[in-house]
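Fit chain S to the supplied structure of chain Z, relying on the hints for placement.
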Amino acid sequence: MMIMKNSFIQFLLIAFLTSGLAFALGLYFPWWSIAVAGFVVGVFLRAKPGIAFLGGLVGLFLLWGGLSYFISSANHQILAHRISLLMLKQDNPLNLILITGTIGGLIGGFSTLTGSILRSIFFKPR
Amino acid sequence: MRIFFFFLCAAITTSLCIILDTRMLLPAPLGRLLSPQEGVWQNAEPVDANYNANLRLKGMAGKVTVYLDDRLVPHVFAENENDAYFVQGYLHAKFRLWQMELQTLAAAGRVSEVVGDVALNHDREFRRLGMVYAAENSLKEMEKDDRVKGECDAYTAGVNAYIESLTRASIPLEYKLLGYYPEKWSNLKSALFLKYMSYDLASHEEDFEMTNAKNYFTAAQFNALFPLYHDSIDPIIPKGTIYQAPKVHPIAPASADSAYFARDTVSAEEFNKADKDNGSNNWAVSGSKTATGYPILCNDPHLGLNLPSLWYEIQLSTPEFNAYGVSFPGAPGVIIGFNDSCAFGFTNGGRDVRDYFEVKFKDESRKEYWFNSTWMPTSFRFEQIKIAGKPDVIDTVAYTIFGPVMYDKSFGGKRAFSSKNYAVRWKAHDASDELLMFYLLNRAHNYNDYTNAVINLQTPGQNVVFADKGGEIALRTQGDFPAKWKGQGDFIMPGTDSSYMWQGMIPMDETPFQYNPERGFVSSANQFPADTVYPYYLGRDYPLARGLIINRKLREMNNISVEDMQAMQTDNYNIFAEMMLPVFVKYAKDSLLSDAARKYTGELKEWDKRNDVNSRAATIFYHAWKYLKDTIYADEYKNAPQPISYPLDFTVMESLLKDSAYSFLDNINTPQVESIEDIVAEALNAAAIDCKKLETAGKLDWGKFKDTKITHLLKQDALSRLHIPIGGGEHIINATKATHGPSWRMIVSLEPQTRAFGVYPGGQNGNPGSVFYDNFINQWAEGKYYPLWMMTAEEKNDNRIKWVMNFSNQ
Chain Z
0 MMIMKNSFIQ FLLIAFLTSG LAFALGLYFP WWSIAVAGFV VGVFLRAKPG
50 IAFLGGLVGL FLLWGGLSYF ISSANHQILA HRISLLMLKQ DNPLNLILIT
100 GTIGGLIGGF STLTGSILRS IFFKPR
Chain S
0 MRIFFFFLCA AITTSLCIIL DTRMLLPAPL GRLLSPQEGV WQNAEPVDAN
50 YNANLRLKGM AGKVTVYLDD RLVPHVFAEN ENDAYFVQGY LHAKFRLWQM
100 ELQTLAAAGR VSEVVGDVAL NHDREFRRLG MVYAAENSLK EMEKDDRVKG
150 ECDAYTAGVN AYIESLTRAS IPLEYKLLGY YPEKWSNLKS ALFLKYMSYD
200 LASHEEDFEM TNAKNYFTAA QFNALFPLYH DSIDPIIPKG TIYQAPKVHP
250 IAPASADSAY FARDTVSAEE FNKADKDNGS NNWAVSGSKT ATGYPILCND
300 PHLGLNLPSL WYEIQLSTPE FNAYGVSFPG APGVIIGFND SCAFGFTNGG
350 RDVRDYFEVK FKDESRKEYW FNSTWMPTSF RFEQIKIAGK PDVIDTVAYT
400 IFGPVMYDKS FGGKRAFSSK NYAVRWKAHD ASDELLMFYL LNRAHNYNDY
450 TNAVINLQTP GQNVVFADKG GEIALRTQGD FPAKWKGQGD FIMPGTDSSY
500 MWQGMIPMDE TPFQYNPERG FVSSANQFPA DTVYPYYLGR DYPLARGLII
550 NRKLREMNNI SVEDMQAMQT DNYNIFAEMM LPVFVKYAKD SLLSDAARKY
600 TGELKEWDKR NDVNSRAATI FYHAWKYLKD TIYADEYKNA PQPISYPLDF
650 TVMESLLKDS AYSFLDNINT PQVESIEDIV AEALNAAAID CKKLETAGKL
700 DWGKFKDTKI THLLKQDALS RLHIPIGGGE HIINATKATH GPSWRMIVSL
750 EPQTRAFGVY PGGQNGNPGS VFYDNFINQW AEGKYYPLWM MTAEEKNDNR
800 IKWVMNFSNQ
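Note that the protein sequences, when read in sequence, are chains Z and S. 0 is the number of the first residue of the first sequence in numbering that gives the first Met the number 0; add one for each residue after it. 0 is the number of the first residue of the second sequence in numbering that gives the first Met the number 0; add one for each residue after it.
Extracted from the complex, chain Z is given alone in its bound form:
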């Protein structure tokens, strides 16, 4: 029970920190700096690799999906209609948002996992 609770807190913390750091880096650096964010959080936060992966994945899925959702809502989906037709060949703004989130999530998950494994090489988990 305790372990589960700990893991959940770790997961939340990783998700929160990854998305926060990714957002901050995104203000100044190219889009792939989100991978750096995941990696750094993975290295510095203690967690099982599986938890780290999930935390990065969910964190960046929510960041990218959420940001694009809010931007697109304020835009009344004008551009999302056009871009989904252009890139997905279907008029589906929601799918475009989901794909955006998925890309962020994939990179978030794998970069956090990479950092977490590196950490486990140097600091053997108890």
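Worth double-checking, as some hints may not be accurate.
[Unchecked claim] In the SDA-like style, the derived pairs of lysine to any residue whose C-alpha atoms are separated by at most 20 Å in a straight line are:
1) LYS88(Z) with HIS722(S)
2) LYS714(S) with ILE77(Z)
3) LYS88(Z) with ARG720(S)
4) LYS588(S) with TRP606(S)
5) LYS88(Z) with LYS714(S)
6) LYS88(Z) with LEU177(S)
7) LYS714(S) with ASP90(Z)
8) LYS708(S) with LYS47(Z)
9) LYS708(S) with ILE77(Z)
10) LYS47(Z) with ARG1(S)
11) LYS88(Z) with PHE704(S)
12) LYS361(S) with MET375(S)
13) LYS88(Z) with LEU713(S)
14) LYS47(Z) with GLN715(S)
15) LYS47(Z) with LEU713(S)
16) LYS88(Z) with MET375(S)
If you are wondering where the hints come from, they were derived from the structure by calculation, not from laboratory data.
Then chain S, alone, in the frame of chain Z:
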């Protein structure tokens, strides 16, 4: 083991980043494009976007305030004249940067840099036409004039001030989609943009096509297919006008009949032929014919319809002048519009100012060519074409006394390479300063100012209409045109000596014009500028129909209101159908028609000759006419060399009206001689098959069949507006075709308090993620207008003002 997993995960993460940042595996760099902080989401503007801004920028002399109204039209109030152009440059860039740059890349033959070698043919063709050479020549002339140089320098600085503020996240959408970054603006780019307009408006000729037609048909056939003049013509400057004796006397070379009018088949054809229908309507009626007693000026330029639109609406107000109208993103000033004293508008002159000369090189090196009995040295221009993802291509273009050798054995355009060499002499190659005309027109107070402004226009030749608050109206068929002997430049000319070259230009004081004519109106619709009494050769193939209907209406109208002019500018009456329909009615024999054809012909007979959006008969007529031409000429043209000219619609119509035994009617492949009844029946039966299919598909209504769309410059449906319900078409005042038509409609009533109206099919913001991207299109399609508000500084609290931008020097 952990180390292995570490490397594996690191490799996956890195690969994901690389794959999503490039086009190596995916068709697009999805990570970069979809990043909400950097990619296309950043171009999704909130629908309630706030355009207020306080900007401190380098390069301004004083303060400028821009009031943006509810249609996002900027009203620019500048203390200093050049600051107004600085801010115009900034606004053009802010709302239209991508199209501005793309058009100049297209003009300069640099599209391959962006899209790869699919554009190589375009780029080579434009460079071989000498577009950059032409722009460089004009730039020198522009920068000689302090006024124009100051204007251009300020404009360029304004564009660059905006470009410098851009980041990867804030560049326009299209740069992200195509994967490149905007470069700095320059005065040369403005010159290139203006040359692009010259290409669009003053490059059309059919020299190769006509040479082949001349060679293929007998003299009698040729004269029947391509008469120099039409009976029904109503020239811009009316028949009966008296012209002074010419000061220039071009003389046809003695060898013309053998070396010129009788030539071999030729083979070269442009990839990008300027649209023959790039035309326009303009007219002005004097106070004697209007309800208010003051003149009204109207103009609607017909061009390719695109998004973002070619036009950008703007008001420029300084202590020296106050002008409102549409501008070209890419150039300073108001192009079509009005100021506090007068209004001005344009239609294309359509004169032939581009001719080809066949030159003879001494050898493969192209270093010398035979001219006036001696070997003359060529000069070379090395055109280095950069291609995205491929090595550069260097195209070496030889320049002769005529101009660049556009076609040679390395380039034949759409046709196979030919062993012949054709140099192009194009008036747009010459130095000229068209911006000075706009500069002066924006400041014009009266007819004299107008004339002094307009005579600076050399190329593209335009019919410039004018009206002022003093009650004067005028129209000049302006341009710097070669004085040609009859037939000069209609075909490819020999280029081995000077005898076929242009011998001089028509003096400016011999330009046909009208000033306060007794009939109370002036008008032009790209028809013949003057009748045959005019002492210079005017070339061929001017469209006739719109000029006829405009003049007929204006003659009949009196007590004219702005609403009358709006109705006229959007009128769908088809005068060509009015003239042609009697042929169908007279010769359609029921016994020769299919059931369907009888039904559709019945509808034709009942037709009100209006190409309204719901008209079925308009679609039927379109097909009947298409198949009639096919039936008449397909047999004669079957073995014709390519490219080749086809007769004008008016030529065919007049021939049929005059002569029911027109020699082309007979199908030369059948033993019997076909009568006009046979031909008409064949056409109607063929048309009926198409119409039946359309009816089944629910697309027989003219608007549905025509299917007007306004396409994004990248030709992507997702960024375009499709299926726009609008009538009109060729030969009609509302000249809206599928992708071409009235690109700006403007009506200005020059009362003491100006009342002006206008609309263009687009929106002020070029960003496809903005509500202002295409918000004028419905209004335009419905034939409605917006009031054009010439704002005064006292009206800054008016509720039409939505945002304010303050500019000052850093």
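Evaluated hints:
1. LYS88(Z) with HIS722(S): Holds: LYS88(Z) and HIS722(S) sit about 19 Å apart, inside 20 Å.
2. LYS714(S) with ILE77(Z): Roughly 18 Å between the alpha carbons, so the hint for LYS714(S) and ILE77(Z) holds.
3. LYS88(Z) with ARG720(S): holds (16 Å)
4. LYS588(S) with TRP606(S): holds (18 Å)
5. LYS88(Z) with LYS714(S): holds (15 Å)
6. LYS88(Z) with LEU177(S): holds (17 Å)
7. LYS714(S) with ASP90(Z): holds (18 Å)
8. LYS708(S) with LYS47(Z): violated (57 Å)
9. LYS708(S) with ILE77(Z): Judged against 20 Å, a Cα distance of about 19 Å means the pair holds.
10. LYS47(Z) with ARG1(S): holds (13 Å)
11. LYS88(Z) with PHE704(S): violated (25 Å)
12. LYS361(S) with MET375(S): holds (9 Å)
13. LYS88(Z) with LEU713(S): holds (16 Å)
14. LYS47(Z) with GLN715(S): Judged against 20 Å, a Cα distance of about 48 Å means the pair is violated.
15. LYS47(Z) with LEU713(S): This hinted pair is violated, its Cα atoms lying about 49 Å apart.
16. LYS88(Z) with MET375(S): violated (58 Å)
Figure legend: structure checked against the earlier numbered hints; hints not met, in rising order: 8, 11, 14, 15 and 16.
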